[in-house]
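J.: As a plain string of letters, each chain reads:
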Amino acid sequence: MNIRTEPITINLGPQHPSTHGVFRLRVTLDGEVIVDVEPIFGYLHRGTEKLAEERSYTQIVTLTDRMDYVSSMLNNQAYVIAVEKLAGLDVPDRGKFLRVIAGELQRIVSHLVATGFFLQDLGAFGTPLMYCFREREKILELFEMLCGARVTVSYMRPGGVFQDAPDDFWPSFRAILDSLPYFMDEIERLLEENEILLIRTKGIGILTPQSAIDNATSGPVLRASGIPWDLRKSNPYDVYGDLNFDIPIGTNGDSYDRFLVRILEIRESLRILEQCWTLIPSGPVRSKVPYFFRPPVGDCYASIESSKGELGFYLVSDGGISPYRCKVRSPSLINLTPLREMLLGWKIADLMVIFGSLDVNMGEVDR
Amino acid sequence: MTIALKASDVAKALRGFFTDGILRDNLDELWIDSNYLFDLCKLLKENNEFYLNYLVAITGVDYIDRFQLIYHLKSLQHNHSLVIKTELIGRDSPSISSVMNIWPAADLQEREIWDLMGIHFAGHPNLKRIMTWEGFEGHPLRRDHLGG
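Those sequence lines, one after another, are chains A and B.
Every letter in the first sequence is one number past the one before it in the working numbering, and letter 127, counting from 1, is 127.
Every letter in the second sequence is one number past the one before it in the working numbering, and letter 60, counting from 1, is 60.
Simulated from the structure, these hints should not be mistaken for laboratory data.
Note that CB positions come from ideal geometry on N, CA and C, so glycine has one too.
Please note: incorrect hints may appear among the correct ones.
[Unchecked claim] Coverage of chain A stretches by chain B, computed from C-beta distances (three or more under 8 Å per stretch; other residues unrestricted):
| no. | segment |
| --- | --- |
| 1 | 37-45 |
| 2 | 58-65 |
| 3 | 252-258 |
| 4 | 322-332 |
[To be verified] Lysine-lysine pairs mimicking DSS-like chemistry, simulated, CA-CA at most 25 Å apart:
| no. | chain 1 | residue 1 | chain 2 | residue 2 |
| --- | --- | --- | --- | --- |
| 5 | B | Lys42 | B | Lys12 |
| 6 | A | Lys50 | A | Lys85 |
| 7 | B | Lys85 | B | Lys42 |
| 8 | A | Lys50 | B | Lys85 |
| 9 | B | Lys45 | B | Lys85 |
| 10 | B | Lys6 | B | Lys42 |
| 11 | B | Lys45 | A | Lys50 |
| 12 | B | Lys12 | A | Lys85 |
| 13 | A | Lys85 | A | Lys288 |
| 14 | B | Lys6 | B | Lys45 |
| 15 | B | Lys6 | B | Lys85 |
| 16 | A | Lys202 | A | Lys347 |
| 17 | A | Lys85 | B | Lys6 |
| 18 | B | Lys128 | A | Lys233 |
| 19 | A | Lys85 | A | Lys233 |
| 20 | B | Lys85 | B | Lys12 |
| 21 | B | Lys12 | B | Lys45 |
| 22 | B | Lys6 | A | Lys233 |
[Said to hold, decoys possible] From the derived model, a few chain A residues whose C-beta atoms are all more than 10 Å from chain B:
| no. | residue |
| --- | --- |
| 23 | Leu29 |
| 24 | Val113 |
| 25 | Glu141 |
| 26 | Glu144 |
| 27 | Glu188 |
| 28 | Glu195 |
| 29 | Ala216 |
| 30 | Ile227 |
| 31 | Arg294 |
| 32 | Pro338 |
My request is simple: use the sequences and hints to build the entire structure.
T.: Set out below in structure tokens:
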């Protein structure tokens with residue numbers, strides 16, 4: 001007997017617990033198999049680039065916090081490096097080290113959140129997420145000591161950071177450096193040999209190296225496909241040129257590798273922080289930069305390795321106190337480019353695994 | 001360190017294929033005629049010497065009397081980079097060829113520029129609004145949006 005079938009189109013989102021923000025997917029299904037996908041976004045569009053055209057260079061730091069709200073420090077860092085390049089500002093060594101410390105702590109936070117929510121999407125409801133959030137909380141307390149805020153930090157300024165770390169920062173920092181490796185052991189024991197996790201992620205959502213480069217993916221997504229590309233190595237900024245660390249890469253480019261690369265990157269971040277702990281010099285943290293300043297007419301592009309990938313700022317100055325144009329090269333947006341080809345042919349149950357493994361942040365996609 | 005390719009070297013190598021099309025070669029920017037964009041980009045990607053296989057970003061800037069498009073290119077193999085700039089005169093219906101067939105990465109970025117800046121990319125298969133909704137009037141990143 002022939003049963004007539006036809007594809008069905010369903011809407012996933014915009015409000016869906018697994019999309020971590022307002023993201024909508026229009027999915028066409030043939031039975032359980034995905035035959036077409038159309039991502040729809042822009043629900044969180046706040047016009048950051050337009051707002052930046054009317055604010056001074058120092059004020060824009062606060063706008064960058066709100067782009068990728070789980071890695072504000074790294075957004076700050078990308079922006080201030082671009083402004084320093086545009087205006088030709090110097091940064092004292094201690095300022096650079098403090099930026100690297102804050103940035104790497106933020107990378108750990110971002111990867112912990114990514115790991116926790118990824119496992120939550122897989123059905124490990126609550127437990128691993130809460131473990132990750134417990135550790136995240138300790139790092140957010142460090143941020144509170146640095147600048148008084150936990151999420152929207154605005155810690156960095158063109159020319160350095162806005163204040164030196166207080167005295168009670170350092171013992172707490174040391175305590176995290178000592179305790180976090182044990183937590184990582186714990187979470188690896190909990191997860192890496194977990195059969196359910198392996199079955200649901202290994203070989204699922206493969207992104208080939210060729211496709212990863214063609215679609216200009218960056219960050220853990222690119223590295224999980226086996227390409228050792230990290231801007232901290234290939235184009236060092238701040239003090240990364242003086243630090244020793246490795247670039248973890250994956251072999252298959254599947255969801256498991258993207259998950260594993262993030263775990264391994266936390267370890268590398270800890271190595272970097274350990275070196276910063278011994279190497280950080282004393283001295284000023286910020287060069288003398290007035291609140292309003294006028295960079296010379298011109299343009300520049302500068303980028304850093306953010307937790308999601310290459311975060312770049314393209315600034316155009318017309319000689320005024322605010323940029324003529326401020327473009328953000330957002331890694332989350334561009335990492336979504338291969339989403340369609342990654343999802344086609346997989347089952348609906350794999351959709352959230354694949355999407356979650358990309359670790360996009362809607363605040364940064366929509367800006 | 002990522003080495004910025006000298007635009008004059010690139011221009012010299014490209015002049016073997018194109019006599020016009022290259023307008024200026026400043027120190028680190030290659031200025032090209034917008035009509036030759038697709039062919040030049042294809043050459044830059046396939047040429048073994050440059051092999052610019054990674055499209056970092058496309059940016060549109062509104063200079064009132066003209067639009068400027070900036071392409072940041074990179075080669076992951078050689079670790080070098082190049083900036084291409086091109087200009088579109090006039091505000092009514094600026095149009096340029098899409099580079100999506102060369103770098104699929106251009107997909108969402110070209111849609112974003114179309115949505116916010118109003119530059120049409122000929123040959124893009126799915127050029128729809130991306131940040132704002134269908135039916136939105138105007139292009140918000142233009143300097144004269146809502147009276148500037």
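J.: Determine for every hint whether it applies to the structure shown.
T.: So, going through the hints one by one against the coordinates:
no., hint, result
1, 37-45, "holds (count 3)"
2, 58-65, "violated (count 0)"
3, 252-258, "violated (count 0)"
4, 322-332, "holds (count 4)"
5, B:Lys42 with B:Lys12, "holds (17 Å)"
6, A:Lys50 with A:Lys85, "holds (21 Å)"
7, B:Lys85 with B:Lys42, "holds (15 Å)"
8, A:Lys50 with B:Lys85, "holds (22 Å)"
9, B:Lys45 with B:Lys85, "holds (16 Å)"
10, B:Lys6 with B:Lys42, "holds (19 Å)"
11, B:Lys45 with A:Lys50, "violated (32 Å)"
12, B:Lys12 with A:Lys85, "violated (28 Å)"
13, A:Lys85 with A:Lys288, "holds (16 Å)"
14, B:Lys6 with B:Lys45, "holds (16 Å)"
15, B:Lys6 with B:Lys85, "holds (14 Å)"
16, A:Lys202 with A:Lys347, "holds (14 Å)"
17, A:Lys85 with B:Lys6, "holds (19 Å)"
18, B:Lys128 with A:Lys233, "violated (37 Å)"
19, A:Lys85 with A:Lys233, "holds (19 Å)"
20, B:Lys85 with B:Lys12, "holds (17 Å)"
21, B:Lys12 with B:Lys45, "holds (16 Å)"
22, B:Lys6 with A:Lys233, "holds (22 Å)"
23, Leu29, "holds (20 Å)"
24, Val113, "holds (24 Å)"
25, Glu141, "holds (35 Å)"
26, Glu144, "holds (33 Å)"
27, Glu188, "holds (30 Å)"
28, Glu195, "holds (36 Å)"
29, Ala216, "violated (3 Å)"
30, Ile227, "violated (7 Å)"
31, Arg294, "holds (19 Å)"
32, Pro338, "violated (8 Å)"
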